Amino acid sequence: MNRRRLLRAVGVAAIGFSLGACKIVATPKKGVASNDDGGDGGFDPQKMVHAIWDAKVIPYLRAKAGRFAEVAELARANPDEAGKKYGYRAKEGSEPWTLVVKIEGRIVSAETNSRAATISVDNNGDGKIAAIVQIGPAMRGTALRDALDFVSFNDFRNQIDYAQFGKAFNQYVDHAFLSALPRDSLVGRNVTALGAYTVEAGDQPPLVTPAELTLGPPP
Amino acid sequence: MTLKQLLIGSALAGFMAFGAANAASAADLIAIITPSHDNPFFKAEAEGAEAKAKALGYETLVLVHDDDANKQSQLIDTAIARGAKAIILDNAGADATVAAVKKAKDANIPSFLIDREINASGVAVAQIVSNNYQGAQLGAQEFVKLMGEKGNYVELVGKESDTNAGIRSKGYHDVIGEYPDLKSVAKQSANWSQTEAYSKMETILQANPNIKGVISGNDTMAMGAIAALAAANRKDVIVVGFDGSNDVRDSILSGGIKATVLQPAYQQAQVAVEQADSYIKSKKAPAQEKQLMDCVLINGANAGKLETFALRK
Numbered sequence: 009m010n011r012r013r014l015l016r017a018v019g020v021a022a023i024g025f026s027l028g029a030c031k032i033v034a035t036p037k038k039g040v041a042s043n044d045d046g047g048d049g050g051f052d053p054q055k056m057v058h059a060i061w062d063a064k065v066i067p068y069l070r071a072k073a074g075r076f077a078e079v080a081e082l083a084r085a086n087p088d089e090a091g092k093k094y095g096y097r098a099k100e101g102s103e104p105w106t107l108v109v110k111i112e113g114r115i116v117s118a119e120t121n122s123r124a125a126t127i128s129v130d131n132n133g134d135g136k137i138a139a140i141v142q143i144g145p146a147m148r149g150t151a152l153r154d155a156l157d158f159v160s161f162n163d164f165r166n167q168i169d170y171a172q173f174g175k176a177f178n179q180y181v182d183h184a185f186l187s188a189l190p191r192d193s194l195v196g197r198n199v200t201a202l203g204a205y206t207v208e209a210g211d212q213p214p215l216v217t218p219a220e221l222t223l224g225p226p227p
Numbered sequence: 342m343t344l345k346q347l348l349i350g351s352a353l354a355g356f357m358a359f360g361a362a363n364a365a366s367a368a369d370l371i372a373i374i375t376p377s378h379d380n381p382f383f384k385a386e387a388e389g390a391e392a393k394a395k396a397l398g399y400e401t402l403v404l405v406h407d408d409d410a411n412k413q414s415q416l417i418d419t420a421i422a423r424g425a426k427a428i429i430l431d432n433a434g435a436d437a438t439v440a441a442v443k444k445a446k447d448a449n450i451p452s453f454l455i456d457r458e459i460n461a462s463g464v465a466v467a468q469i470v471s472n473n474y475q476g477a478q479l480g481a482q483e484f485v486k487l488m489g490e491k492g493n494y495v496e497l498v499g500k501e502s503d504t505n506a507g508i509r510s511k512g513y514h515d516v517i518g519e520y521p522d523l524k525s526v527a528k529q530s531a532n533w534s535q536t537e538a539y540s541k542m543e544t545i546l547q548a549n550p551n552i553k554g555v556i557s558g559n560d561t562m563a564m565g566a567i568a569a570l571a572a573a574n575r576k577d578v579i580v581v582g583f584d585g586s587n588d589v590r591d592s593i594l595s596g597g598i599k600a601t602v603l604q605p606a607y608q609q610a611q612v613a614v615e616q617a618d619s620y621i622k623s624k625k626a627p628a629q630e631k632q633l634m635d636c637v638l639i640n641g642a643n644a645g646k647l648e649t650f651a652l653r654k
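In order, the protein sequences belong to chains L and R. In this text, residue positions in the first sequence follow my numbering: the first is 9, and each later residue adds one. In this text, residue positions in the second sequence follow my numbering: the first is 342, and each later residue adds one.
Calculated directly from the structure, the hints in this document are not laboratory data. Quantities reported herein were computed from a predicted structural model and do not represent experimental measurements. Where a beta carbon is used, it is the ideal one built from N, C-alpha and C, also for glycine. Careful, some of the hints might be misleading.
[Claimed, not checked] Reference listing, derived: stretches of chain R covered by chain L, where coverage requires no fewer than 3 residues with Cβ under 8 Å from a Cβ of chain L: (1) 453-462; (2) 467-477; (3) 506-516; (4) 538-552.
[Claimed, not checked] Pairs of lysine to aspartate or glutamate, EDC-like flavour, derived with a Cα cap of 16 Å: (5) R:K511 x L:D169; (6) R:K654 x L:E208; (7) L:K93 x L:E112; (8) R:K491 x R:D577; (9) L:K93 x L:E78; (10) R:K486 x L:D134; (11) L:K92 x L:E112; (12) R:K486 x R:E519; (13) L:K110 x L:E81.
Only chain L is shown next, with the shape it has when bound in the complex (with noise of 0.2 Å):
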């Protein structure tokens, strides 16, 4: 278990950093960093979460995760409690918490016709969907960099800026894994996740933004 953790540990760094030698090439191209809305000159979201991933995001969501069914149980009952143990949310304002999660199941199904694809998965064998993952390449909301109590909208100069910064969370985990899943074939495998969501109103499942993910073989 230990051993396999932290090979995939290794494989997801050696990931980000092989990726992080060719993204330079590639970012011009997709201009998402800088050249479309000028006057913004040095800010390169992209590379800012290259230059944390490895250090400081996966350190810190593996160590605030709880498992799935613990920590959606907790936030049923008692947000607050859930946030504080499992989550962050700033302090001013009125954003919701977002909670880190770590979720093991069964895919029960799969949506890859729309390009905000998800897989739903069973994470007790009832047959019921618990949480639904997205598995990109088109990813809602800013889960990953909600997540993180050492980002603040604070430190950047506007809204736009900030939103930048967690539209590259998603473009990250896009590029470095969830790009390369299958997409048939998904439903009966197994899947182990490690990833955020932010808690919403309503009886909906969660929507996981994964930060790690590894599928089990067809069954």
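For this one, chain L is given, so just place chain R on it according to the hints.
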């Protein structure tokens, strides 16, 4: 100095006839400065701030700058001359406003910004802004879903001097841009105006009859667009707005506009006044200057709960 301020204060009070405030004997004054109340969003904001200020025992001075930075600068002068204890401001430009707020600060009057942020920190005591980008993403995601991830669409953009026009447009594009089958056929500013949106929409529709959706930077422009579409008998076109006004709520409930995004305008203004009150009484500034308030997607499922920029529980 006190005498001079007093004199200017009473002279201005008489001259400008703002309420019954008599500078000599009045309670502490809070100035509330926003864009024109023609847009119900800014009206709700001003009313939210005014109600909270009065509840806390303040006199209020409610002014509009009409998105004119020069006029805003004069209004800040007025607030300074009247000896306001704090200024609640929805500003007239992210760059142009920095000097005006600095001027108030130099006169020891703290500013609490709402709705729109400025491109400087440490000048205002607080900047409590709607997370326009997050809201735009919610609106765009709903738009993408309604469009079935494909088709031609039009974007109506707000007033260029307003930071939020750019932030929303960027938020829309960061989502829509991920769907290559969604094609932008026209992107035009209608300056937040309903009538301008109506005529722009008419023209766009003539040049591009083959459109499937319109995403608008605010609700007043969405109202203009849906009216033009209805007049052209194009009720099939999907329209999505931003703000959460009662007009758009009614349109959603009657099957017109499909969705909008609520900014908690009323609550935001009240939070700003609470923070101003705490600062006036104890010099205690909020822990963080820049504070974000999340927006909420409004569609057929929850529109019935929307009233004056707030969602009933």
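Numbers of the earlier hints that this structure fails to satisfy, in rising order: 4, 7, 10, 11
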